[in-house]
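A.B. asks: Protein chains in written order, with this note's numbering: chain P, 1 to 661; chain S, 1001 to 1101; chain B, 2001 to 2223.
FYI, nobody ran anything at the bench for these hints, they're computed from the structure. In this text, all values refer to a predicted model and were calculated from it rather than measured experimentally. The reader is advised that the hints may include incorrect statements.
As a list, the in silico SDA-like pairs of lysine to any residue whose alpha-carbon atoms are at most 25 Å apart [to be verified]:
| id | chain 1 | residue 1 | chain 2 | residue 2 |
| --- | --- | --- | --- | --- |
| 1 | B | Lys2192 | S | Phe1065 |
| 2 | B | Lys2192 | S | Ile1080 |
| 3 | B | Lys2194 | S | Thr1004 |
| 4 | P | Lys632 | S | Asp1094 |
| 5 | B | Lys2194 | S | Asp1094 |
| 6 | P | Lys632 | B | Leu2093 |
| 7 | P | Lys632 | S | Val1082 |
| 8 | B | Lys2192 | S | Arg1100 |
| 9 | P | Lys632 | S | Ser1097 |
| 10 | B | Lys2192 | S | Ile1014 |
| 11 | P | Lys562 | P | His290 |
| 12 | B | Lys2194 | S | Arg1100 |
| 13 | P | Lys632 | S | Ala1093 |
| 14 | B | Lys2194 | S | Leu1096 |
| 15 | P | Lys132 | P | Ser91 |
| 16 | P | Lys632 | B | Gln2091 |
| 17 | B | Lys2192 | S | Gly1077 |
| 18 | B | Lys2192 | S | Val1066 |
| 19 | B | Lys2194 | S | Ala1079 |
| 20 | B | Lys2192 | S | Ala1072 |
| 21 | B | Lys2194 | S | Gly1077 |
| 22 | B | Lys2194 | S | Phe1033 |
| 23 | B | Lys2194 | S | Val1082 |
| 24 | B | Lys2192 | S | Ala1093 |
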Amino acid sequence: MNPATVNLATMQLVELVWLVPLFPLLGFITLMLIGRRLGEPVAGWVATAAMGGSFAAAVMVFVGMVGLDGESGERIVQVKLFDWVVAGDFSVDIGLLADPLSVTMILFITGVATLIHLYSIGYMHGDANFSKFFVYLNLFAFAMLMLVLGDNLLLTFLGWEGVGACSYFLISFWFTDEANASAGKKAFVTNRVGDFGFMLATFLAFFAYGSIEYGEMFSGAPIAQSTATAIALLLFVGAAGKSAQFPLYLWLPDAMAGPTPVSALIHAATMVTSGVYLLSRINPILAAAHDWAPSLIAWVGLFTALFAATIAIAQDDIKKVLAYSTVSQLGFMVVAVGTGAYVAALFHMITHAFFKALMFLGSGSVIHGMNDDQNMKRYGGLAKLMPITAGTFIVGWLAIAGVPPFSGFWSKDEILVSIYANGDIFANKVLFVLLLIAAILTAFYMTRLVALTFFGAPRWRDEVTGEAFIESDEELPLRHPHESPWTMTFPLVALAGAALVAGGLNLPFTKDLHFLEHWLEPSFFFEGKDNIFHDLPSGGTKWIVAIIATLGALMGIAAAWKLYFDKGGGTGPESPPILAQGWGYDNAVTSFMGGPGEKSFDAMAEFDATVVDGTVNGVGKLIQIDGGILRKLQNGLVRSYAALIGIGAVGVMIYFLVVGA
Amino acid sequence: MELTSTWYLVLAAILFALGATGLLVRRNPLIMFMCVELMLNAVNLTFVTFGNDLNDLGGELSVFFVLVVAAAEVVIGLAIIVAIMRRRNEATADDLSVLRG
Amino acid sequence: MELVVFLIAGALAIIGALGLILFRHPVHSALSLVLSLFAVAVLFVNQDAQFLAAVQVIVYAGAIVVLFLFVIMLLGVDKAENLSVEPIAGQRLIAVGIGIAILALSVFFIFSVSGNAATGQESVTAEKVDSITGTTTSATEALGDDQVDGTEDAPNIDQLGRSLFTDYVFAFEVTALLLTIAVVGAVLLARKPKGELAPLPTIPDRNAGPVPELDALETLGDT
Chain P
1 MNPATVNLAT MQLVELVWLV PLFPLLGFIT LMLIGRRLGE PVAGWVATAA
51 MGGSFAAAVM VFVGMVGLDG ESGERIVQVK LFDWVVAGDF SVDIGLLADP
101 LSVTMILFIT GVATLIHLYS IGYMHGDANF SKFFVYLNLF AFAMLMLVLG
151 DNLLLTFLGW EGVGACSYFL ISFWFTDEAN ASAGKKAFVT NRVGDFGFML
201 ATFLAFFAYG SIEYGEMFSG APIAQSTATA IALLLFVGAA GKSAQFPLYL
251 WLPDAMAGPT PVSALIHAAT MVTSGVYLLS RINPILAAAH DWAPSLIAWV
301 GLFTALFAAT IAIAQDDIKK VLAYSTVSQL GFMVVAVGTG AYVAALFHMI
351 THAFFKALMF LGSGSVIHGM NDDQNMKRYG GLAKLMPITA GTFIVGWLAI
401 AGVPPFSGFW SKDEILVSIY ANGDIFANKV LFVLLLIAAI LTAFYMTRLV
451 ALTFFGAPRW RDEVTGEAFI ESDEELPLRH PHESPWTMTF PLVALAGAAL
501 VAGGLNLPFT KDLHFLEHWL EPSFFFEGKD NIFHDLPSGG TKWIVAIIAT
551 LGALMGIAAA WKLYFDKGGG TGPESPPILA QGWGYDNAVT SFMGGPGEKS
601 FDAMAEFDAT VVDGTVNGVG KLIQIDGGIL RKLQNGLVRS YAALIGIGAV
651 GVMIYFLVVG A
Chain S
1001 MELTSTWYLV LAAILFALGA TGLLVRRNPL IMFMCVELML NAVNLTFVTF
1051 GNDLNDLGGE LSVFFVLVVA AAEVVIGLAI IVAIMRRRNE ATADDLSVLR
1101 G
Chain B
2001 MELVVFLIAG ALAIIGALGL ILFRHPVHSA LSLVLSLFAV AVLFVNQDAQ
2051 FLAAVQVIVY AGAIVVLFLF VIMLLGVDKA ENLSVEPIAG QRLIAVGIGI
2101 AILALSVFFI FSVSGNAATG QESVTAEKVD SITGTTTSAT EALGDDQVDG
2151 TEDAPNIDQL GRSLFTDYVF AFEVTALLLT IAVVGAVLLA RKPKGELAPL
2201 PTIPDRNAGP VPELDALETL GDT
């Protein structure tokens, strides 16, 4: 085949990118209409097949894009589907932007989502609303894909809101328990605060650029630095809401009230990464902003990472540990974005998706086997009884702790090196040290989790025999831990494999192995040149940082192991309560909202009802009063009408007197 | 003192003003009608005065037509008053205020 | 001479007008009106409009006022009006004000034009000839007396008739039509209605509060 037709063929493959969100949309519609009739487990298989189709389409698009030339900008393909909003100067269409960044996102999103759909078939077995769960999951996938593929801010916002709504649906899936419903509401409302920033940024962008389409925004005339800073920071507010940065992270730990696959999909792999995705997408605006803006972003990310890590070491609920861990890891990614190391951030996003989803699914498996008990204090010694779960979980553990050669090591290391070497960021060496501490804490609390859950003596009694394994004063619960069915263990194995080898995406040894970096280059540009932080230090510094990071990780693991691995059934030292309660931040927010917050909201509502409504109604009342006064003129008496005629006649005469004929 | 047309005009103005005042003050519909006739007369006087001044017969012809129309108007007006007042003797113009808003 | 006539007739006209508006009994008012009309007829004669004077007396004083008196007699609207009470607030004030204003403005207009108040052009077609002296006071004498078809000394009625039936014949015919319509209308209005009479609209007693059937109208605007 001659190259021209090959190119045409690959171009056409990329243009079929609209297939990617189409499959979950069809799945959603099908299940919404006949899901209940299909019942368990067919509904689950339909949903999984839809996601599988989406993944296949994503792979196809990827293959097509590989065939295109990256240097000449061919890899940025916009597929316009149809006009959406046409209003004077403002026109927005439903268009998909397939460029390396979005293709990367859709690959791992669809891949992980397919595995989680498969897992859910086993996990939600026996639930009364089985098909409804998959309706929401498919809808979520559709919204997430639209978020990532949208070629303008409005379409991204559509997906943004969509994932927020689906997150609400799924968190409060078991809404008959009021705690779950509140958690869903909390997630939605907190996200809304971030959405406000997003909307303001959209308005400002339209005002500054005249368009909200990414292509037009980034290729147009440069704008004032302050405007760019404002847009970037407003979008960061939105990203902070979605990606759970301080102070909008509150909803994520509470969101663990939803079923575990939801936590795995939404709160580990996809929705929470949308904030980081957004910041990466608008990298030209970030580059055009004041220098202190990315520094601010980086420091907020660091604070979040450290803050959440300290809380995670004090949690007893297995899912809460993972939740705070997610917040912390997102902090890492935000630090990377703030430092300009977009590739490192996205690399970590991908590896994190794998190992965090893996660990969430694993925890789901454990919870399943432990009668829905989530308190780690009552676990212990499960490794022998749930080998596959334990084995895959350990892979995830080592990945997140940053132990080579697992993928987490490579991605975390990349971030650390980028920070160390980037002098542009305010106090970057301090940032480096603090992030290193956060990494050590990560290793610490994850080891604690693994030690308490899978190793040590069992702190429960065998359901069958009733025997206890340790001495204890209190009544130990009866449990029957068992391995999960293949629908649940297969995704675990697949994800573990990915967590193991994903490091190969962007190995730092030579430039040639920087696959991800080369791949992502076309999406990161500013003023005609690359926006990626290429300036990695020379070999020596790189190795020193790597060794320091590894040593830190091992230190953390060793410390936690010593404290929490106890063959005698102890659970290690008591965690300080202030850490367990998240430094009191959650309580502070609750009391504020309930107290002064509620008062101010009530005052606002009052203001609206009296002043705003009052003005509007007042205008009507005024007209009524005027009408009432004028009505008195019409008294039906001929003589007063005659008097008015006389007055008019005199008036005309005076007019002629004054003005003249 | 010479008699110019100005005198006539002033007299006509006086009559007109008196008629207007009377129309607004009186309540009896018939007297109100008669005040209207007075006003018309004042206007007739004005027409004739100007016609005399300009040696134009148009003034007198206008009076002629005004007279005809006034006669027709009186006929219809009185017929209406009769129709309304037929059954009530003490009615005044103030009592017909059904059109009040 | 003319001045004396004017003064007497003018005074009588004003007295008649005052009587019209001040007398309480409608018959007294009608008779005052007759006085006023007569005075105006005299003034017409003073201005060489003899035919008009005659018509004025015959039609106005003779027919119209008599018609008024007939109605007064027929309806028995002969009760004296209570002039001391004025139900509409401020009406008297407005009325007097309007009267004075009209008078003042008119006089002002009349005197604002220096000398002759008549601003129009002297007509060349309907030229008026003084029927007694046979002379015109027109400045267009130079145009010749042939304008009036050789009837220089024609009496007023001749001139009027000639003008009426040639230049203004259309208006004349229309007035004929108008009179016919008036007659038809009057006959219709004065017929005795067949069957039951519709109930009268209730006369609101000004001091008794709102009329019941008008309540709905009233409440419409009050909410």
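A.B. asks: Evaluate each hint against the coordinates.
C.D. replies: Hints and how they fare:
{"no.": "1", "hint": "B:Lys2192 x S:Phe1065", "in the structure": "32 Å, violated"}
{"no.": "2", "hint": "B:Lys2192 x S:Ile1080", "in the structure": "13 Å, holds"}
{"no.": "3", "hint": "B:Lys2194 x S:Thr1004", "in the structure": "58 Å, violated"}
{"no.": "4", "hint": "P:Lys632 x S:Asp1094", "in the structure": "15 Å, holds"}
{"no.": "5", "hint": "B:Lys2194 x S:Asp1094", "in the structure": "28 Å, violated"}
{"no.": "6", "hint": "P:Lys632 x B:Leu2093", "in the structure": "18 Å, holds"}
{"no.": "7", "hint": "P:Lys632 x S:Val1082", "in the structure": "30 Å, violated"}
{"no.": "8", "hint": "B:Lys2192 x S:Arg1100", "in the structure": "29 Å, violated"}
{"no.": "9", "hint": "P:Lys632 x S:Ser1097", "in the structure": "13 Å, holds"}
{"no.": "10", "hint": "B:Lys2192 x S:Ile1014", "in the structure": "42 Å, violated"}
{"no.": "11", "hint": "P:Lys562 x P:His290", "in the structure": "47 Å, violated"}
{"no.": "12", "hint": "B:Lys2194 x S:Arg1100", "in the structure": "29 Å, violated"}
{"no.": "13", "hint": "P:Lys632 x S:Ala1093", "in the structure": "18 Å, holds"}
{"no.": "14", "hint": "B:Lys2194 x S:Leu1096", "in the structure": "23 Å, holds"}
{"no.": "15", "hint": "P:Lys132 x P:Ser91", "in the structure": "36 Å, violated"}
{"no.": "16", "hint": "P:Lys632 x B:Gln2091", "in the structure": "14 Å, holds"}
{"no.": "17", "hint": "B:Lys2192 x S:Gly1077", "in the structure": "17 Å, holds"}
{"no.": "18", "hint": "B:Lys2192 x S:Val1066", "in the structure": "31 Å, violated"}
{"no.": "19", "hint": "B:Lys2194 x S:Ala1079", "in the structure": "17 Å, holds"}
{"no.": "20", "hint": "B:Lys2192 x S:Ala1072", "in the structure": "21 Å, holds"}
{"no.": "21", "hint": "B:Lys2194 x S:Gly1077", "in the structure": "22 Å, holds"}
{"no.": "22", "hint": "B:Lys2194 x S:Phe1033", "in the structure": "29 Å, violated"}
{"no.": "23", "hint": "B:Lys2194 x S:Val1082", "in the structure": "16 Å, holds"}
{"no.": "24", "hint": "B:Lys2192 x S:Ala1093", "in the structure": "23 Å, holds"}
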